[in-house]
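With chain V's structure known, arrange chain C with the ligands on it following the hints.
Read off the chains here:
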Amino acid sequence: MLTFTIRRLLLAIPTLLFISLVIFLLVDFAPGSPMSQIPLTVPPEVRLRIIEAMGANEPILVRYLLWLKQFFYVEPLVLIDSLFGTSHAEGMQRIVSWQSRSPVMDIILERMPQTLTVVGSAYVIGVIIALPIGIYSAYRQYSWFDQVGTFISMIGFSVPTFFTGVVLILVFSVNLGWFPSIYDTSLRVTSWETFLLQAKQMAMPVAVLALYNASQISRYMRSSMLDNLGQDYVRTARAKGMAERIVVLKHVLRNSLIPVVTVIALGIPTIFGGAIITEQVFKVNGLGALLINAIQGSDLPMVQTLTFIFAVLIVLFNLIADVLYGMLDPRIRYD
Amino acid sequence: MADGAAPVLDVRGLKTVFRTRGGEVHAVNSVSFHLNPGELLGVVGESGSGKSVTMMSLIGLLPSPPADVRAGSVMLGNRDLLKISAEELRNVRGAKVGFVFQDPMTSLNPVFTVGNQIMEPLMRHMGMTKAQAQIRATELLALVGIPDAAARLKSYPHQFSGGMRQRVMIAIALACDPDVLIADEPTTALDVTIQAQILELVKDLRKKLGMAIVWITHDLGVIAGIADRVMVMYGGQVVEQAPVRALFSNPQHPYTRALLKTIPSLTGDRAARLQVIEGQPPILIGAPTACPFRARCPQAFARCESENPDRRSLDGRPVGQGHDVACHWSPRGAHA
Ligand SMILES: Nc1ncnc2c1ncn2[C@@H]1O[C@H](COP(=O)(O)OP(=O)(O)O)[C@@H](O)[C@H]1O
Ligand code: SF4
Ligand SMILES: [Mg+2]
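Protein chains in written order, with the working numbering: chain V, 1 to 335; chain C, 1001 to 1336.
Only chain C is shown next, with the shape it has when bound in the complex:
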């Protein structure tokens, strides 16, 4: 391993298919990535690119049917999460892997107190008594920055604002001190100032607790501020992966470049300030035989129609370790 330590999470060749009436939707197509201890991996891509489905496939959160996690391995430490029993997987969920979802308004159960919902995983995974769990839950609420934590345990979710609810979700996800925290667009549903507060909170918690984080967003601006490494997804595939600096300074995939142009800039003229990528995300029916981005790609050429590009390294390091891209086209023409 390039940076010494073994990864906490190592995903290889993950394929997830939805069986629908219209055919098989190949939502995740041979996705591989890893996560080093304490690292923050940013995952970007527009809506429908397969980010959520990828992460939910890892820990068996997709309803099956229609979902079918068809191939690959998900090594958490030395266990393959795709091979263990449902019961073992439940012991992993919420204990070793914490999950924060997009919409804090609907992600908490409206009829139970916040305290009850934080204490549940503590009693389930840590074998705590109710009294112990209550003490720990109070600590957790204080940790995520909720004032008057002991009293707020008795509150119901509707008595919290959106930002506060997301803090509660983070407290639940971190309750059992997981190795990995997966945050699926945790700030998308919040307004800008609250977004910034949640980002600060996560940065702070990361320093204190040292867990590895997968941070999903469609906002590259957020990624620039917090990620160590970035993985760009499109059409259910990883199209580019690089350390955060390399990705911003030297984007290779036409989709990444287009995404970077969509970041609002304060200096450009009005028209250039906010761009959108022309065209529609691909429909993922059937196994892909061509580059998923071809219909919207300014660089597309004949080969893009006939062959789905593999990820290839740009800096000589193994794919996934350095900077890699899945595109037939190359600015220097060398790899094409």
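Extracted from the complex, chain V is given alone in its bound form:
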């Protein structure tokens, strides 16, 4: 398993390099230019100097190599510096946003908490709700519980989150006034009151995303349980006189979780990327919103860096899913 993991990590390096090149080229070829952000009243020679200062006039290959160096060398050094108070990265050029002129990584780190609290907790809540529902629905297949669960998850699954989001805003913010419709990023939880405020403003975006996640994962859990409930080894466990609780929650569940855990792990990167629309709907000032703004403003370094980070996460969690699979299923031998 260890050699497998190391081999896969090494293999990931060329994969990610290739992905970074593709992202860089695609983003660069996309229509829209950083110059469109500069007001037309600015004289041409000033424009030129601004562009030179941004490094935007360099050939694409030079910019790509510079970005590589900044991403893989300078930024880690900056991180080390900030962790240990050293100064290895002093004087080095970091990846800088064309829009705000501040380092891309700082902005990303600043936006990360919003996304993690809202989208991350929605994912965790979704998983926690989905597993028991999926297990029980399968065990009582075609019962009223299963039918209702199927119906709700069909809705949660097929109605887009921007629609459920808008409906929730209309009902609970506009009409009932229970929850704020705009997420206040500057809110700091320091007391019971601010905690309640935070809970209130998180309620709707979390509900929308949790419903979506729970629908998906409970379906996986249910069908995986159903696959296993009909297996011969379940009959063997019953023939041994084991209690139903043991039969279902030990024998069947342990087998059923193998594919579900994989799906859950693969879904984690979508926490960062997939919630773009929900963040827009609820005005959560997170990574999704950051990406959208950067695209609109042709902030190429920001778009390239964010997209590449998503790609790294996807590759990483693919690996984690494979490793988990190997740990949960003794039949899998990678080495």
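Pair by pair, the computed Cβ-Cβ distance ranges are: (1) C:GLU1305 / V:VAL148: 48 to 58 angstroms; (2) C:PRO1288 / V:ILE152: 40 to 50 angstroms; (3) C:ASP1219 / V:ARG254: 30 to 40 angstroms; (4) C:GLY1279 / V:PHE157: 45 to 55 angstroms; (5) C:ALA1142 / V:ILE155: 51 to 61 angstroms; (6) V:GLN141 / C:ASP1219: 29 to 39 angstroms; (7) V:GLN147 / C:GLY1023: 24 to 34 angstroms; (8) V:ARG254 / C:LYS1261: 44 to 54 angstroms; (9) C:ASN1091 / V:GLN147: 27 to 37 angstroms; (10) V:ARG254 / C:THR1129: 21 to 31 angstroms; (11) V:ILE152 / C:THR1129: 37 to 47 angstroms; (12) C:GLY1013 / V:GLN141: 31 to 41 angstroms; (13) V:GLN147 / C:PRO1288: 28 to 38 angstroms; (14) V:PHE157 / C:ILE1277: 49 to 59 angstroms.
Here are some chain C residues pointing at chain V (derived, C-beta under 7 angstroms): (15) ARG1090; (16) ARG1093; (17) GLY1094; (18) ALA1095; (19) PHE1099; (20) THR1106; (21) SER1107; (22) ASN1109; (23) VAL1111; (24) GLU1120; (25) TYR1156; (26) HIS1158.
These are computed hints drawn from the structure, not numbers from a lab. What you are looking at is a predicted structure, and each value in this text was computed from that prediction instead of being measured. Glycine included, each C-beta is placed from N, C-alpha and C at the ideal position.
Relative to the frame of chain V, chain C with the ligands by itself:
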């Protein structure tokens, strides 16, 4: 009782029905049999004749719905297994009655060690601690002929061959020293040499442990070698029952005779060596009102269409004790 001791298992008038969309499938229709202490009862019949459903009905292993065990009694000692609670029945399963299934490749849980799976019933029924169960599990693996038993406890099922897995299944079934072992085609999925090894193992274990065995197979050749008594099933019914010698020397039911002809013979000419019974097994929708074998029976006559034959004795002993058959036709015409 003809042979003195009371039977360990006495099944009377067992009826099991599956409720399906196409109607009620009468998979087991008034099946009666008993099992004496230490005896090996062979159950034969082609696929779909109701052998597995009968045995699973005894200990509540059929999913309900669709299965409905509708009538009869299953006396294990002095308790009727059809009347006791689900919890009491769980105390019987795996403790008093051990079950070995047909396919060893799928009957063990792939994600738990073999040791874990043998220890489960020991801790559940015998109240053993983990340490005690581990010692007993090692003994059991050694008993069923698995070398290096202590180390193999930590292996997973996929690390065993089919024959070895079936040995593990036998160890699980025998873990709590049951009165009755039900083996449902335990060798069908194995190749011939492994089949022979498993047969030898069971003969050997029977001598050592003395439990009574129900051995299900569709292979009369296997039965001849190990059974004391044989019960032939067809269409969810018992059509003939006899001590093993009597059945082979004097088969009465047209189906039994046909089955005997399907045993490959080394002496006959090529065509006669391997025969199959013409026709299809019956569809069991609805309660039977005629002989289930009539469509394929060379002896069928008018009465076979209108009346399902009861089992009748051929040797004056009570039905189930000696040689009995469920057929209207008789070679001497005496009972017809
Ligand atoms: N779940 C089920 N639903 C409907 N019919 C079933 C089911 N299980 C078994 N049967 C029917 O019961 C009959 C007996 O099956 P079985 O006992 O498995 O036969 P055998 O073990 O002798 O090969 C078959 O005709 C089969 O169609
Ligand atoms: S009862 Fe009739 S049809 Fe059935 S086996 Fe006997 S002779 Fe054949
Ligand atoms: Mg069967």
